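Protein sequences appear in the order of chains R and X. So that you can map any letter, position 47 of the first sequence is 47 in our numbering, and since no number is skipped, the others follow by simple counting. One rule links them: number in our numbering = place in the second sequence (from 1) + 1000.
Don't read these hints as lab results, they were simulated from the structure. In this text the structure is predicted, and so the values were computed from the model without any measurement. Check each hint, because a few of them may be wrong.
Stated by the list, open to error - From the structure, some residues in chain X lie toward chain R, with a derived Cβ separation under 7 Å: (1) 1175; (2) 1178; (3) 1181; (4) 1277; (5) 1293.
Just so it is clear, CB atoms sit at the ideal spot from N, CA and C, and this is done for glycine as well.
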Amino acid sequence: MEPVALLEARQVTKTFSLPAGGQQTVLEGVSLAVKPGEVVALLGRSGSGKSTLLRILAGLIAPSQGAVLRQGQALTGPNPDVAMVFQSFALLPWLTVKENAELGLIARGVDRNEAEGEALRALDMVGLEGFEGAYPKELSGGMRQRVGFARAFVIKPDVLMMDEPFSALDVLTAENLRGEISYLWEKGSFPAKSILLVTHNIEEAVLLADRIVILGANPGIIRGELQVDMPRPRDKETPRFKALVDHVYTVMTNPQAAVGQLITEQREPRFTMLPHARSGGISGLLEILDSRGGAEDLPALAEDLRLEVDDLLPAVDAAVMLGFAMVAEGDVMLTATGREFANAEVHRSHEIFRDQLLERIPLMKAVLAMLENKRDGRISKDFVLDILDEHFSASEAERQFDTLVDWGRYAQLFDYNADEERLYLDREPVA
Amino acid sequence: MEITRTPLWGAPERFRSKFLASFRPADLAVGLGTLALLYVAARVGAESFVRFHPPDTIPQISLDPRNLPNYAARSTLRMFIALIFSTLFTFVYGYSAARSSRAERVLVPLLDILQSVPVLGFLSVTVTGFIALFHGSLLGLEAASIFAIFTGQAWNMTFSFYQSLRTVPSELEEMTTLYRLSRWERFTRLELPVSAIGLVWNGMMSFGGGWFFLAASESISVLNHQYTLPGLGSYVAVAIAAKDMKALGYAIATMIVLILLIDQFFWKPLVNMANRYKLELSAGEEQRFWVVDLWRAASLPRRIESLTAPLWHAIDRWLSKRTTLIEDPVSGNEPSRGNLVFNATAVVATFLLLIAGIHFVLRGVGGREVAHAAILGVATAARVLVLIVFSTVIWTPIGVAIGLSPRLARLTQPLVQIAASFPANFLFPFATLTFIKLGISLNWGSMLLMALGAQWYLLFNVIGGAQAIPNDLREMARSFNLRGWKRWRFLLGPSIFGTWVTGAITASGGAWNASIVAEIVSWGNTTLRADGLGAYIADATSKGDWPRIVLGVGLMSIFVVGLNRLVWRPLYDLAQRRYQIA
């Protein structure tokens, strides 16, 4: 039997009237349920209404249409079953750490001594023992957010809501705190039944969530959701983790992409970053794969080749991007095209590579079109770099250009004169 | 951390021995100081109940300087009672305006108007009203005087409180809702602390301005009667009537001492405390202040605090329980029909009041009188504008010089603060005497009198503006060799424009109010008079001519509000738009 959802939004729509007149729809027909024992991440870009949805579920904002249910009952005010961790911490600077932490209990009329005991326990849990008497301004950002967590833990909510809890922290501090929260959850002694996390950080969502709900923007709708059934604690270095991150990334960068489909079936958006893999490396990988029957576990392959997975990944990514291979659950396997490529003779393999390039790499197609449109069939490196600079950092643009030249040369689409720093159209007959 | 678990009335034995063991010299100072304050307040307060029968028996003021401490204490008591009422009013009014969008639509514009109305024009109304209320004792006059001070203090403080409430960070609001803080808890943990700094600063400034109203209200002739209330203000009035220069000197000295004492023992510690309630989480250095240090060094306050802590907790809990908040989620759309009815009622009520007022005035004095008063209004308006131009020309360079030099600012800031608090009407007699000696018409002289009080707001704000000029801009100006006029044109002028506008708005408000006491002045039996709306109101007030009082006060309010809308508001918007240093 399905457990009763702790918290549920049914067909929630939210419109705000604009000061200039007219209305803006922030959320449209959103339904979402949080069940006991799960971590749900709401992931979306700015304007997707994810924070609004969170506040509607918390009972801080009323939906324009639809209903919010807690344990099956309609919610009509601030939700007593939830606690929230805020992006800006929302600590009262004039109260001590302890006073901030026990605030929720004091407000509920819990006896002062009891509240204090609970607060001290929660502060212990987040590693702030000994800081109870300090004021928030004496603490670093990370420690302030720990107080925010302690304040939420103290009231032992059904659902702990986190509104971009780590985004006001520097990268290292955020990483550290995220890890500790994740550890507390895995240990099984977490002081809340479920977690609802709002974030725009994909890695954070994949690291913490059992379920990632992806919101689309303007108006905010649910585009789909992904189950993350990776064992905990999760290792960010595993290809599976990375593949999922990549997939979510693709979905997020491409408003049309369907959620949950495999990454190889996505059309890449214009100027997605090319993996830094040489054409020789790609074909080498494909040949090895072919010789092993067309499929291999990635970590095993890396070990056999005495490589780190990191070293192997660019070639794998490139093979995936070019439609030669697929990655699923940590395995890499050849596609039909990949198998054909691995078995083709030299001339034919160049042709296959060229076809795949033109079909799947928009940048390559764009550069070729520019070359063809020039009467003298040549363009300068700076011209291409100018285009790449709009999408990448200067050094990354250089690397992208290098990869582009390498692939283009291999496919015999064009040549490059390093002295003149010019690309030339390869005038040899294509057909 | 020490946890207070002292039972309410428990362990007196242990307490006594510990108390004696930890007694420090600072405790002596704090204890004696508190006792002395209580004694003075009780004695002086009791005098207010002295029976009298106005106007037949009015309290006599003696010019003997030995009476001055008593007068000073009585005036101070009035000021603080007014401050307490202002604070209470601030909480109720500001809270209602910030928490109900419906109340907001009426209360905020009303506050804007109340702020512009010449307080002194109302003295006649309030004095008669309060005397009728407290028949046969000084309390009526006391109440009228306190009310006059109150009206000088309350509006500013209310605006500040309202603004603070409106700008509470939304995540903090959400936090208090979600963690189910009661109204009381919300007020004491969030709303009061966030508004503390603004409230204390505005309270301090308004309190300083309050001395002016105190001086004007302690001795006033209303409805053909001279009312006198023992205090510093009436002492000055009697000294003027007696042409007693020496007594005036004593009064001024007393006033300065009083301002300094209150500043050191009340406002400075309060500002110091309020600074703890900064919203930014950045760790800044704590400013030290000797009274606060003394208080902290003493063990007495802490003993009392820890003894009474359980009592406070019980009260806190009790109030909390009675103000639990089960509110619906904040809805974006209010019922529009109710709003329509509400708005219509508000508009109709305002309209009816206006009609009634106009009718009353026209029936009493006729159209020609209205035109005459309007011309007087234009004369006073011209005076206000001229004095602002002059004050600007004189004080802007000085203010900028002070603001740009931290050393100079440190030296002069306290002086300027005292000057701003000092009631300008104490200085009027000297100016009057000079006018009489030199034969200067008060038509010109009144501008100087009005400026005596108003100019400080300009200086204050110009100093503030100059201090806020970023250092790199100043260095830029130096490295590009911007000098003289160009430096003013490109750097200094635009930088201080915003704060100058704020100062000018306050100064012009102050000048309008001052016109009521500055356009008629006397020295002994000689009375000087200027043609202006202020003198018109003062005349009507002392004669008890109701239609003229309503006409004068109404016209002045219209002038002030009109100038605010037509001149100051556009300038303010311009300053916000173009000359804001981010």
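Hints and how they fare:
1. The interface hint given for residue 1175/X is met, as the beta carbon of that residue sits about 4 Å from the closest beta carbon of chain R, less than 7 Å.
2. A cut of 7 Å between beta carbons decides the hint on residue 1178/X: the least distance to chain R is about 5 Å, and the hint holds.
3. Hint status for residue 1181/X: holds, given a least beta-carbon distance of 5 Å to chain R, under 7 Å.
4. Taken as an interface hint, residue 1277/X checks out: its beta carbon lies about 5 Å from the nearest beta carbon of chain R, inside 7 Å.
5. For residue 1293/X, the interface hint is violated, the least distance from its beta-carbon to any beta-carbon of chain R being 19 Å, above 7 Å.
Consistency note: the structure conflicts with earlier hint 5 alone.
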